[in-house]
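Student: The primary structure of each chain is shown beneath.
Number of protein chains: 2
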Amino acid sequence: MLNAKRTVKDLKELRTLTATDGGGQRVAWTDTWLKAREWFKDKLRDLPVEVHQDAAGNIWATLKGESDQALLMGSHLDCVPNGGWLDGCLGVVAGLEVLRRINTQYNGKPPVTIRLVDWADEEGARFGRSLLGSSAFAGTHTIAADRGRTDREGVRLEDAQKKCGVDIDRFPEAGAERKNAAAYLELHIEQGPVLERKGLALGVVTGTKGVERWGINFTGQAAHSGSTPMNVRKDALAAAAKLALEIRSIAGKHADAVCTMGSVKTWPGIVTAVVGRCETTLDQRDLDPKVLKQMFEEAQAKSRQFAEEEGCTVEWEKIWSIEPIPFHPELLAFCDESVQRASGTAFRLPSGPLHDAAEVARAGIPTVMIFTQSLKGISHNKIEDTLEEHIEMGVTALDSLASRTMKWILEKR
Amino acid sequence: MLNAKRTVKDLKELRTLTATDGGGQRVAWTDTWLKAREWFKDKLRDLPVEVHQDAAGNIWATLKGESDQALLMGSHLDCVPNGGWLDGCLGVVAGLEVLRRINTQYNGKPPVTIRLVDWADEEGARFGRSLLGSSAFAGTHTIAADRGRTDREGVRLEDAQKKCGVDIDRFPEAGAERKNAAAYLELHIEQGPVLERKGLALGVVTGTKGVERWGINFTGQAAHSGSTPMNVRKDALAAAAKLALEIRSIAGKHADAVCTMGSVKTWPGIVTAVVGRCETTLDQRDLDPKVLKQMFEEAQAKSRQFAEEEGCTVEWEKIWSIEPIPFHPELLAFCDESVQRASGTAFRLPSGPLHDAAEVARAGIPTVMIFTQSLKGISHNKIEDTLEEHIEMGVTALDSLASRTMKWILEKR
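Residue numbers (the numbering used here), protein chains in the order written: chain Z, 256 to 668; chain A, 256 to 668.
Because the hints were derived from the structure by calculation, they are not lab data.
Identical copies look the same in the list; a pair holds intra-copy or inter-copy alike.
Here are the computed lysine-lysine pairs in the DSS-like style, where the Cα-Cα straight-line distance is at most 30 Å:
#	residue 1	residue 2
1	K557	K508
2	K508	K520
3	K573	K520
4	K520	K557
With the rest of the complex left out, here is chain Z (with noise of 0.2 Å):
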């Protein structure tokens, strides 16, 4: 019998275990990141599973089934400094009372095999580099660009990881954990306002938006605020405000689509001067390709238009960007059928922050998350919540998906 209020005691458990008064403190390759991994491990302790850490620091533990076929269910229980106790540890947590569910209901041999994953080091909060092991997992992790990343004391990735376990040239060989993988499903708190507002426990994520990230700077003509008329400036800060407003039109056109500019820094930057250069970062999110690109490309001739009017002139710098990753159509169905099931109602919603289910995703293997609602839409915070009833509600559901999901990779072998 699958038991949810055992999952809130779990994840309150962890929280005792690895929190402050600051919040949560699971940044991944630190002592209490392993702390909260040990305790992981001993609550594995009482299941028929075989459990391993693989080169790139995931750890799975997996229950045999009648079939080699296996069903992933996960999460990560790193955090950022200070975060919540439900960003990532909630799928961790839920999966296991899921695995406890599926081994007691078929007495340890479920007809296909049940693994369940805590990927290493999701959030990247302190060498900066997200989705660590899931992209060593997908094999699209690269250990040039990241070997040498320290964080902010000066120490290495590398030797962080070494003193875990991991070695980072060994990285590629957690590729060999995608074998017999025929399915992943994630349950994890939405970290936004929209099912909040919408009066909703759960929510179906369709998918997980493409980002375009680029530095956009304006360079106009630095002035003496005194003795410079209006009508002869070239005012890098207004152009940059124009697009800051812009932005806003061009994301509006489209359901879910956003567009931010997180980032302003003017020079000289003084009060006494036009601002001669204004340097923007703009961040624009869709899950649908054409959509991304049409307001990538908007945003483009925006500020090409703007800098003209300014008299001044506008260069993009690419920071970084990710193609949109969408779930896979028949999980999303049962996912349906399970959160209908669970909570009443099944909203489907892109997410725009990624997860590990996008590198999953990304290497072929059938997708599919849930989230649960995030109380006043806040996460990477210690006020981080969701209620109870809907942690019970997303565990319920995670389990039916995964009901339904097994007889799926029954059917399809």
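Knowing the structure of chain Z, use the given hints to seat chain A on it.
Tutor: Chain A only, in chain Z's frame:
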């Protein structure tokens, strides 16, 4: 006979003595500034003038006349680091030439007393306090506020002054120099593009604009750029961007008004977060106190409106302000005549930047200024320049203005 070409020659001589490849280095309270002032005092040795440094470090050369009533002329030899060859020097060296002419014409005994002044530290480049010497003269200087000022190396203003023979505690004694001051004339480079754009060599300065200088801080809610839908954001940058554009309309309603947002800072200021706090600065200037007040009130009202529209709050923090200082109407009329005669046109314009003349006018002494055209409108830079023929016209205009003002002083007596 006035020799306006000699002014150009003198200015070049001073430049050779005190500039580097980077530009003028006559920063107040430095050795190079003292060298410039020694050069100035050397030039005065050919004239029957009494020379002394007042308690605030201003240098006075007095040609005693039939009347004690004194015509004052001058400007400042100090400049910003890597500054130009004309900003300040022009008025002192042109005044020197006019003094020479008057001395020759009247055989050392003009009808009114003529005083040439080199104000100390107009720029405030090293210690951040501009109009230092002229404010001591005007009696508007406050010792307590300036005593503790330090430069980038931590040297105290008080100590730097001591090395130049100036004791900050004796600053108020400089007020004694106001005795018998009947008028003050100053020739200065425009430091802006207005005259060049109008194709004019000279301009009649109607006064110095009043300034309202404020920090304006918008507070919204930082949020994840991926998970926060556009319509629930409280984007502090959006409110600031609206104001950055609105201030142009606010200034645009008035002929000579300017409004500048010179600095924008964003928090958390990262590509992946909606801006939760945006700190900006606003500098507003006009010669008409009613216009200045109206612009200030409009900007305040608009900032509140924009904050409300964006779900943000806004606070205003005063940085600094000064009232508009109009020059003397009769001297303005004489200035019109002199500038007309020297250059063919008498165009009136207010000064956006402050000048020592503003402090003198605040002290109740009838004051007027003449501007020479500034090539490309650029100042505080080694490329600062005025055509030599325009410099000569400026000296000629100052000279005839001095003659007319001497007559006026005698008439008033």
